[in-house]
Structures are given as structure tokens and as C-alpha cells.
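Participant: Order-wise, the sequence lines are chains X and F.
Just so you know, we're using my numbering here: the first sequence kicks off at -11 and counts up by one.
Just so you know, we're using my numbering here: the second sequence kicks off at 2 and counts up by one.
Calculated directly from the structure, the hints in this document are not laboratory data.
It is possible that part of the hints are untrue.
[Claimed, not checked] Lysine to aspartate or glutamate pairs mimicking DMTMM-like chemistry, simulated, CA-CA at most 20 Å apart:
1) F:Lys193 with F:Asp215
2) F:Lys534 with F:Asp418
3) F:Lys506 with X:Glu56
4) F:Lys604 with F:Glu560
5) F:Lys606 with F:Glu665
6) F:Lys508 with X:Glu110
7) F:Lys193 with F:Asp183
8) F:Lys506 with X:Glu2
9) X:Lys93 with F:Glu560
10) X:Lys81 with X:Glu110
11) F:Lys604 with X:Asp53
12) F:Lys606 with X:Asp53
13) X:Lys81 with F:Asp418
14) F:Lys427 with F:Asp458
15) F:Lys190 with F:Asp126
16) F:Lys190 with F:Asp215
17) F:Lys534 with F:Asp458
18) F:Lys408 with F:Asp418
19) X:Lys93 with X:Asp31
20) F:Lys534 with F:Glu560
21) F:Lys408 with F:Asp458
22) X:Lys(-9) with X:Glu110
23) X:Lys81 with X:Asp97
24) F:Lys506 with X:Asp53
[As the list claims (entries may be wrong)] Partial pick of chain F residues on the chain X-facing surface, computed with a CB cut under 8 Å:
25) Leu265
26) His477
27) Glu491
28) Trp496
29) Ala515
30) Arg519
31) Ser522
32) Glu560
Note that the Cβ used here is the ideal one computed from N, Cα and C, for glycine as well.
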Amino acid sequence: MPKTPLVAVVDDDEAIREALCDLMMVTGLACSTFDSAPAFLNDNSPTEADCLITDVRMPGMSGIDLLERMRAGGSNLPVIVLTSVLDAGARAKALELGAQAWLTKPVADETLLDQIRSAIGEEDWPDEPGR
Amino acid sequence: MNTKLPDASFPSVSPKDKLYVAARSSEPDIAEFASESVIVFDVEGAVHYWNPASEALYGWPALTMIGRGIGHLSTRSENEREHWRMLLQEGGWQGVVSRRTPSGIHIAVDIRQYVRFAQDGTPRDVIEYGRQSLNEGAVAGADWHIPDRLMAASWEIDVSDAAALIAEIARLRDAGGIDERDMNALYHKLVKTARIVNVNERTMRLVGGNRGRDLMIGQPVAGFWPLESRVAVAGLIVDAMTGQTEGATYRRQMPSDGILRDPLVTVWRAEEPGRIYVAVNGAVDDDRSYVYLRASEARYRKLVHHMPVALWQVDASHMGRIYNDIRETGVTDFGAYLDEHPELVELAATTVQITDVNRAAIQLLGGTSALDLMRPVGYLFTISRHSLRNVMIGRFNGQADHSEVTKVQTFDGRVLDVRMSVTYPKVLAELDVTIFSFEDVTERLSMEAEIRQLQADFTHAARISTLGELTTSIAHEINQPLAAIVTNAETSLRWLSRDDPNVEKVKALTTRIAASGRRASDIVQHIRGMASKRQPERSAIDLNEIVQESLIFIRHEIESQSIAITTTLARTLPATMGDRIQLQQVVVNLLINSVQAVEAQAKGKREICIGTQLTEDGALAFTLRDTGPGIPPNDLDRIFEGFFTTKEAGMGIGLAICQSIIAEHGGSITASNHPGGGAEFRFVIPVEAPDGSA
């Protein structure tokens, strides 16, 4: 049995974290959540996760800084930026750093899941349970 | 109430009574100044009017003669009765009679008597003109002037309460060998116990100090009698009360007392048991003439009368006595006592009498004459009974004065805003006179209301402008719960569209949707509060809550600039009365300024520390410190001035409005530079206990 893909979520807003986590679960994905970028970095999640969803504006360290730090550390983890920030500069910076997508909140579930699917790869994508 | 003689018995002594008598029996005032003795008798022969010249001629003060029969002046009362019958029949008489003076000497007087008849032809009264008979060798001339020194200052005194004391003094005096000091103490006690029944105008003028007869009547003689001669007059009172001879007079030359020069005091028993008469003769110990004093008194009254401030003179002496009794029972919190005894406020409203008012007072209330206002004080407090209560508490607490803004209703039903100032009588002062003054502040208050409206508009404009600066932050703040709601809803649909719908999961997600919805709604509420145009309003507030709510507006602004914010709130702060929205506006404004200051700084720490404290004297403080460049020292003094700004796009009203808001809360705001760098702001507001929690 193939391993269940793991999605990491970094967002300072608890309601958002919980909502995203539930969406992953209903889809059949595993999910771990972090309330800040340092919390994610200090965990060994960067190596275990198959995909990262991160917010941009967060106290302590921003999502852009997190992405920069990961790339600098040699990580190629697919990163989806999910934010309500409409900042063209920040978006360009993220894409330049190899972010897979820049999505704005609120996001449609299909849009987000499509991006995760392409990050993880069709072959590892679980069948949605109960269908 | 004070004892008063019947009105008709006092026709000659005061301007007020003079008018009264003039109205009743149409006696011309001129008789007061006539050099001839003018006496009016009723048809029974009782004296109805006795002018000053009669006092001078016969030596009997008007006080002692009013109401007496003509027989009092004559030793041959049989003849008098016959004479009177003839007089009434014939309508007039002229001749020389012998009259008795208080000293027992008889003088010959030329008199002319005329009967005045009523319209139905019956005798109404008798007027008698008299002058000392020239046949007796007296010369008409200078004596026909009635110098002030010849007019006795007369007193009628009630010594009935002192009967035992008088007996005691008489006994000790007879026994002899008593220490003079002990004796004097008894005399002083007698003068204190003896009460004034009535006085004439001269007495009033000499010792009453313009305060009117009513305020002397009923008071102890000691309150008015010169200290120097109290022992002497008490001695005379004892002589008169214990003397065996009916009608005997007792007199003594007293030392000058600063009022009269070498006054001659005469004391004798009245017919009424326990009453005595006192007549004091002597020239005023003052270079000013009687006319001058009269004029000065008139000027004083005129000054008060024409003063542009509305004045009420109030006699609350009986309330003072009630307060003393209450105080003696150990009451200290009179406010609480009045809450339990509201009837005491009503008693004051209905029994505390206004004794004088001036013209401005009549005008203020729209009365037609002083009489409209000379009533118990209650009518001044129909709108605000509470103010009367405050006045009473001030008196009870021994304050020198009391002032408050209250409302008063005019006679034509208008309601005025007035500043009421009350001056209480000094403790141990001779007399109990409270003065009320009312100043109409209706116009000023309405102007102040307009200014407040302008200020509110301005403050609102500043808030809108602040919100404009924060749109990104606010949008982010609302978007978060909305994003959570959308995702949770879509996840729910996924659970529901399964072959075996997971109701438990959907329930949990729906609960979260509701919570996020409420959160979004709360944020909208806060923004609406900040954006709404509203009148300032006071409610119970918690400064810590205000600081936390303010952060909602600006948190993302701070985070997006990678500024660290440290919040140190006091563990417990007392609630106070304040305007929640306006105080939030202050905190948000200060935070925005700091964010912009820190943001402008490329290098160094990016930090804002805010906190709340309870100051040593129990006030609430908010402090903010940032790691920005600080405030240029030259600007420190001007930073709270309106339209002072260092920002290119700024209007410069933010800090000015912060200052006016804090001032409205009775507090102060300061700006400084922290020794360790950065600007530091601090505002302090006093705690005002919320209503009903005290």
C-alpha cells in the first residue's frame, strides 16, 4: 500500500489551519499544521512533507522568508502560497523562489486540490474515500 | 415662628410698616418728620400712631405707647374719660394738659385734637398735635428739631424664660460677698436667655446691621446688645423685674460702646408678665450723621438691588438647628441620611423662607414683583430637587459655599440652565443668612453644545481617515474568517456527497463555520463603531479590552512590516467611565504613528511595546514605546498642536484629536523620547467609578 501523502500547513490563523486540515482529510491526504514558519522549520516536517501550503503575513517570519530559507537550505518541497495579500512584488518574489502557485483566500477547494495533486503527482494521489 | 406684635401697633418704625399704615389709615409719611408731636388715637382713646416728635416730647418710645390708653399719660384718668366723651361729640379741642413722662415728671403740653369722621358720620379716629407749653417757660426753637440723640432705641424683651435666673441673681446680690466674675457670668447668661420680642427702627439701624427686624425677633438679646454694657443692662433687668413699685423705671448711664456715646439706658416692666421695655438714649458714637447712615444703607440696598447677578437671601436657621440635632446623633454621611429621609428635603423646600430678592432675580424668573419670589425655596428646585439636596449636604458638612450647574423653571414655564452658587452663613456668625445666586448659562451651554458637535464631527473625520489608512489590514482581518468559512463549507459538501454521509464531521464543520461567521461579524461591528458618526457617549469600559480591540485594526499592519509587538497589560484594572470608540481611536492613532516611524527606519530593531498600568494614585495609564527614530526635540512641544505634521500626506490632526479625547476624559497625554531610543507616548485617565457600582 502506498504511503498516504502528507501536506504541511503553515498559517497563524487557527480557523484557517483547521479548515485546510479537514479538507486534506476528506480528500484522503494526511496533514500537519504549524502556527508559524519557525515552528515548521524546527520540526522535521520539511523533509517528511510532500507539499507545503503557507500564508504570507505572519508574525515572526513571513511565508516569503520561509520559502527563501527552504530554498537556501536546498529543499525543493513544492510550496503553494495561500494568502489574502494582493502584493504583486511579493507574488513575483515567491514565484521566482519556485513557489508552485500563488492562490488568494478564499480559495475554491478544487483549485487548491488541483495544485496539491500536481505537486504530489497523479500516481500518489489517493482515491477519495467513500466514493 | 417669631413673636410679633399686631401690625397696627407698629406704625412708626420702619419704612415697610410706614407704607402699610399709610395704606390703612392714610397717614402721611410727613408726620414722621413733623417737629410737633403727632398722635393718632382710635375712638376708644388707645394710641394708634406715635411720631418721633412724640417720643422726644414725652420721652415714651412709640414701642411702649402703641395700643395704650391716653390715661397712661395722665394721672387724672377720670377727667380724661369725660374729656374724651366731649371731644368725640364736639369734634375738636384745644388747650394745655399735664402729661406724665417716664421719669415721673409732669410736663405742660399745648395740644390740639381733631376728630376725623368716617363716611357714615361716625367718629373714625382722633389726631392730636402737641408741643411743650410755652407757659412753662420752655422756648420754642432748636428743640423743635428732633435730633437723633433724642429718639430712643427701644426694645421689647421677653425674660419669662429667665424668671428663675433673675430670682437667683437677686438673691445672691442681696446676700452679697459673691465673686464678681461669677456674678458677671450670671448676668451674661441672663442676656443670652432674654429674647427680643420687638425693636424699633433706631435699634434695628444701630445694632441690626441692615438685616431687618424679622431676623432680630426671637433672637437672644446677647446677639445684638453691645458686649461692653451687657452686665449693666442685665443688672437693670433684674432691678426692673424684682422692683416693688408698679410702673417704676430704672436707668443707668452706660460707658460708650462704640455705637452710642454715653448711652442712657432705661428699663421698666411691661404690663404683660415676663416682658420688659428698654429705651436707650444717646448720640451716635460716630461722626457720620443719621442721615448719612440712612443714605449709606440705602446705597447698599440699591447696590444689591441693581446688581446684575440674581440674588436670593434665604433664612434657613431652623434647618441649621435640625442639622445640629442630626449631627449629635452621630450622622456623618448626610447624603445617605437624606436618602433614608427624603421628607427632610421636602421640609426644607416648603419651610426655608426667602427673605429678600433683587431685581435681577425677579427678571431671571419673569416675576412681576419681589413678592412673587418671597416664598419658601421649593419653587427654585421644581426641576432638580437633587440640587436642593446638594445644597443641604453642603450646609451640613460646614462648607463655606456650594456651586453647581442645574436647571430652574421660570414663572412662564421656560427651563433655564443656571449656575447656582450658595454662600452659607459662617459658623458662629451672628445671623443665619444664606445667599443664593443664579447665573443663566443656557446660552453658554448651547454654544458649548455646538462646539462639542463640531469637535465630534472633527473626531469622526479623523477616524474615517484613520480607517482609510488601515483598509488593507482590515480587509485581511475580515478575509481570514471568510476564507475559513468557504473551505469548511466545501469540505462539508464533500462529506455529504459520500455514499455514507458523515454527519458527525459535517456537524463539527458547521459549528466552526458559525464561529468564523461570528468572528467576521464582530470585526465588522468594530469597524462600524469606528466609522459611525455618533455623539460621544460614556459607558463602563475596561482599558485592557480597548487596547486589545484596537490591535484588531492594526495587527496585520504591524505584522506585514515585520514589527514585533509586545503587549504587557496590567493584570487587573478598575473599570471606568469613558467613550470606548474614542479611546480606541487614540490607541489606534498612536500605534499607526509608531508603525510608520518604525517602518521608515531601514535598520535596527523593529519593535513596539505597549502596556497598561495602574498608577500610584489609582489612575489608568497606557504607554507605548517604539524603536523608531524618536521625535525631534524641537517638535516635542508642538506635537499635539492641531495641523502640526511632519508627514507629507498627513493632516496633522491625529495627535491633536488624541489630546482632546484624553482631555475630555479628564486625563493627560505626553510625548517624549526614550533614553534608549525611540518615541514614547503615555496617557493617563482618572478612574471614574461607573454608575451604580459605587
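Participant: Does each hint fit the structure? Answer for all of them.
Facilitator: We went through each hint and held it up to the structure:
| no. | hint | in the structure |
| --- | --- | --- |
| 1 | F:Lys193 with F:Asp215 | holds (18 Å) |
| 2 | F:Lys534 with F:Asp418 | violated (27 Å) |
| 3 | F:Lys506 with X:Glu56 | violated (37 Å) |
| 4 | F:Lys604 with F:Glu560 | holds (17 Å) |
| 5 | F:Lys606 with F:Glu665 | violated (35 Å) |
| 6 | F:Lys508 with X:Glu110 | violated (31 Å) |
| 7 | F:Lys193 with F:Asp183 | holds (15 Å) |
| 8 | F:Lys506 with X:Glu2 | holds (18 Å) |
| 9 | X:Lys93 with F:Glu560 | holds (18 Å) |
| 10 | X:Lys81 with X:Glu110 | violated (28 Å) |
| 11 | F:Lys604 with X:Asp53 | holds (17 Å) |
| 12 | F:Lys606 with X:Asp53 | holds (17 Å) |
| 13 | X:Lys81 with F:Asp418 | violated (67 Å) |
| 14 | F:Lys427 with F:Asp458 | violated (48 Å) |
| 15 | F:Lys190 with F:Asp126 | violated (44 Å) |
| 16 | F:Lys190 with F:Asp215 | violated (23 Å) |
| 17 | F:Lys534 with F:Asp458 | holds (7 Å) |
| 18 | F:Lys408 with F:Asp418 | holds (5 Å) |
| 19 | X:Lys93 with X:Asp31 | violated (26 Å) |
| 20 | F:Lys534 with F:Glu560 | violated (30 Å) |
| 21 | F:Lys408 with F:Asp458 | violated (28 Å) |
| 22 | X:Lys(-9) with X:Glu110 | holds (14 Å) |
| 23 | X:Lys81 with X:Asp97 | violated (25 Å) |
| 24 | F:Lys506 with X:Asp53 | violated (35 Å) |
| 25 | Leu265 | violated (101 Å) |
| 26 | His477 | holds (5 Å) |
| 27 | Glu491 | holds (4 Å) |
| 28 | Trp496 | holds (6 Å) |
| 29 | Ala515 | violated (11 Å) |
| 30 | Arg519 | violated (11 Å) |
| 31 | Ser522 | violated (14 Å) |
| 32 | Glu560 | holds (5 Å) |
Consistency with the previously given hints fails for numbers 2, 3, 5, 6, 10, 13, 14, 15, 16, 19, 20, 21, 23, 24, 25, 29, 30 and 31, ordered from lowest to highest.
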